[in-house]
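Work out the full structure, taking the sequences as your base and the hints as a guide.
1 is the number of the first residue of the sequence shown in the UniProt record's numbering; add one for each residue after it.
Incorrect hints may appear among the rest.
[Unchecked claim] Restricting the straight-line Cα-Cα distance to at most 27 Å, the calculated cross-link-like pairs of lysine-lysine (BS3-like) are:
(1) K244 to K189
(2) K138 to K25
(3) K138 to K119
(4) K119 to K25
(5) K255 to K340
(6) K340 to K329
(7) K340 to K244
(8) K189 to K165
(9) K207 to K190
(10) K244 to K255
(11) K165 to K207
(12) K138 to K255
(13) K431 to K340
(14) K329 to K357
(15) K255 to K189
(16) K189 to K207
(17) K255 to K329
(18) K431 to K357
(19) K190 to K255
(20) K357 to K340
(21) K357 to K244
(22) K165 to K190
(23) K255 to K165
(24) K244 to K190
(25) K189 to K138
(26) K244 to K207
(27) K357 to K412
(28) K244 to K431
(29) K329 to K431
(30) K431 to K412
(31) K138 to K165
[Claimed, not checked] Across the chosen pairs, the derived CB separations fall in these ranges:
(32) N401 to M424: 16 to 26 Å
(33) R437 to T191: 16 to 26 Å
(34) N117 to Q309: 31 to 41 Å
(35) T411 to L202: 49 to 59 Å
FYI, nobody ran anything at the bench for these hints, they're computed from the structure.
Think of the CB as a built atom: it goes at the ideal place given N, C-alpha and C, for glycine as much as any other residue.
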Amino acid sequence: MHFTQHTSNANKEKHCDEGIHLTLKVPTSPYPFWESHRYYGYAASIKKRVKHTLVNTFASTVFSDKKTALPFSLSGQYRLTIETDIPGQGITAIFGPSGSGKTTLLRCLAGLECVPNSKVQFKGSVWQSPSQFIPPNKRPIGMVFQEPSLFSHLTVEENLRYAIKRAKPFPSHGSATPNSEINKNVINKKTLVELLGIEHLLNHNTKVLSGGERQRVAMARTLLTQPQLLLMDEPLSALDAARKQEVLPYLERLKEELNIPVVYVSHSVEEVSRLADHLMVIENGECTAAGSIHTLPLSPSVHFQSESQQAVIIDAFLSERDTQYGLIKADFPGGHLWVKDSGNALHSPQRLQIQAKDVSIALTEPSNTSVLNRLPVVITEIRSSSNAMATLVLTIGNDDNHSTQLLAQVTKRSVDNLGLQTGMPVWAMIKSIAIAR
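Next up, the structure:
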């Protein structure tokens, strides 16, 4: 699915029917009234107060009889200004440094921020516009926060039952999503409990759970409300490294098994690389880049990874197992790699992350080397990374429709010594143990 910052009117209508369209202008100053009374319909009850206390702040305040709108005209200072389309499938990661506006964007999607002169649309359903506002409880969303808010006086089983009892069909509000499509995506409790590995915890009180276990239970409870869109606000940021590694595989399983779009906020390159299908980079309240996780990191203008973190994401399929040496073959367009066998079934998908610093270059195919993965590639671009380093963009495979790109980080001295040039065929070498999964 196409994913871009700017679209034509025809494409924009198509995106709105299939995914999410956002036009946001979030003001810089968080006024107390603005924070405590976010919903349009609530403003009428404090109409008198607004006129007296905010008249010097907002240029205009307009009220209607039934649905009260607040189309405020501000001074032009905004902390978040975004117009973009988000795909209605897979995981879209919202990436950026702290304070860039990631969580604010998510809160606007959830309806926890009521923003003037903005528009939020999901699969043909308008959730917010200058003339209407759908509150959070009427949006078909589920939200997972940094800290799991479980009921401590209930067991895990009782927490899940609470969600099931309160799961109900959401009003469509003009949604283009048919009921048959919604019913097809109903999430089964037994399946979800197995996917998240919490079967043995059902009779436990939530007070005795570890941080990783609590977050998995929180995810299960949220999903059992049967949302059509899942919002996740840095769900692993409160966990230590060990607990994060414990939870990530379960998130990967959810991604493969559940047919529900996810908007995932994070400032962790590792999380985004392992989970995301699409990427939106936010800096200083603006969307600076948006696209596929497979192609966007290849762009030199995208500030997603630092020089030492440069990497590519390859989605492969497991085709052959070497039981003697504990390796498994991962096929992808244009080639294959041998990686450490993690026990996944043959013919199942496997995401690979290859860092540029782990790729070395040779002019001819090396022999008598311990490096198992040796790939014929073509240099398509040479970029100057820093005073000493250069980044090579490499293409694996000859067919444009059946090829994969790779990054290699080498010294400029090596570029000169080997006489590397654009269009030159060379060999790329990658250690199996260096490939992250």
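Hints, verified against the model:
A hinted pair counts as satisfied when its Cα atoms are at most 27 Å apart, and K244 with K189 qualifies at roughly 24 Å. Pair hint K138 plus K25 holds up; C-alpha atoms about 23 Å apart against a cutoff of 27 Å. Between K138 and K119 the alpha-carbon distance is near 16 Å, which keeps this suggested pair within the 27 Å criterion. Proximity of K119 to K25 is assessed by CA-CA distance (about 9 Å); at most 27 Å being required, the pair is judged to hold.
Restraint check for K255 and K340: satisfied, since their Cα atoms lie roughly 22 Å apart, inside the 27 Å limit. A threshold of 27 Å between alpha carbons decides the hint, and for K340 with K329 the separation of about 9 Å falls inside it, so the pair holds. For the hint pairing K340 with K244, the CA-to-CA distance comes to about 21 Å; that is within 27 Å, so the pair holds. Between K189 and K165 the CA atoms are separated by roughly 12 Å; this keeps the pair inside 27 Å, and the hint holds.
A hinted pair counts as satisfied when its Cα atoms are at most 27 Å apart, and K207 with K190 qualifies at roughly 23 Å. For the suggested pair K244 and K255, the alpha carbons sit about 16 Å apart, so the restraint of at most 27 Å is met. Between K165 and K207 the CA atoms are separated by roughly 22 Å; this keeps the pair inside 27 Å, and the hint holds. With a C-alpha separation of about 25 Å, the suggested pairing of K138 with K255 holds against the 27 Å cut-off.
At most 27 Å may separate the alpha-carbon atoms for a hinted pair to count; K431 and K340 meet this at roughly 10 Å. At most 27 Å may separate the alpha-carbon atoms for a hinted pair to count; K329 and K357 meet this at roughly 22 Å. A distance of roughly 16 Å separates the Cα atoms of K255 and K189; the hinted pair therefore holds under the 27 Å criterion. For the given pair, K189 sits about 22 Å from K207 by alpha-carbon distance, which is consistent with the 27 Å threshold.
Taking the CA atoms of K255 and K329, the gap is near 22 Å; set against the 27 Å cutoff, the hint holds. Of the pairs offered as hints, the one joining K431 and K357 holds, with about 11 Å between alpha carbons and a cut-off of 27 Å not exceeded. Proximity of K190 to K255 is assessed by CA-CA distance (about 17 Å); at most 27 Å being required, the pair is judged to hold. A hinted pair counts as satisfied when its Cα atoms are at most 27 Å apart, and K357 with K340 qualifies at roughly 19 Å.
Of the pairs offered as hints, the one joining K357 and K244 holds, with about 24 Å between alpha carbons and a cut-off of 27 Å not exceeded. A hinted pair counts as satisfied when its Cα atoms are at most 27 Å apart, and K165 with K190 qualifies at roughly 15 Å. At roughly 25 Å between alpha-carbon atoms, K255 and K165 fall within 27 Å of each other, so this suggested pair holds. Note on K244 and K190: the hinted pairing holds, with a Cα-Cα distance of about 24 Å set against a maximum of 27 Å.
The suggested pairing of K189 with K138 holds, with an alpha-carbon distance near 23 Å, which does not exceed 27 Å. Between the alpha carbons of K244 and K207 the distance comes to roughly 19 Å, so the proposed pair stays at or under 27 Å and holds. Proposed proximity of K357 and K412 is supported: the alpha carbons are some 13 Å apart, at most 27 Å. The straight-line distance between the Cα atoms of K244 and K431 is roughly 25 Å, inside the 27 Å bound, and the hint therefore holds.
A distance of roughly 13 Å separates the Cα atoms of K329 and K431; the hinted pair therefore holds under the 27 Å criterion. Annotation: proposed proximity of K431 to K412 holds, straight-line Cα distance about 22 Å (limit 27 Å). Of the pairs offered as hints, the one joining K138 and K165 holds, with about 16 Å between alpha carbons and a cut-off of 27 Å not exceeded. N401 and M424 have their C-beta atoms about 23 Å apart, which keeps the hinted 16 to 26 Å range intact.
Range check, R437 to T191: Cβ separation about 24 Å, and the 16 to 26 Å hint holds. Our hint of 31 to 41 Å for N117 and Q309 holds, since their Cβ atoms are close to 37 Å apart. Between T411 and L202 the CB atoms are about 55 Å apart, so this pair conforms to the stated range of 49 to 59 Å.
Taken one by one, the earlier hints all hold for this structure without exception.
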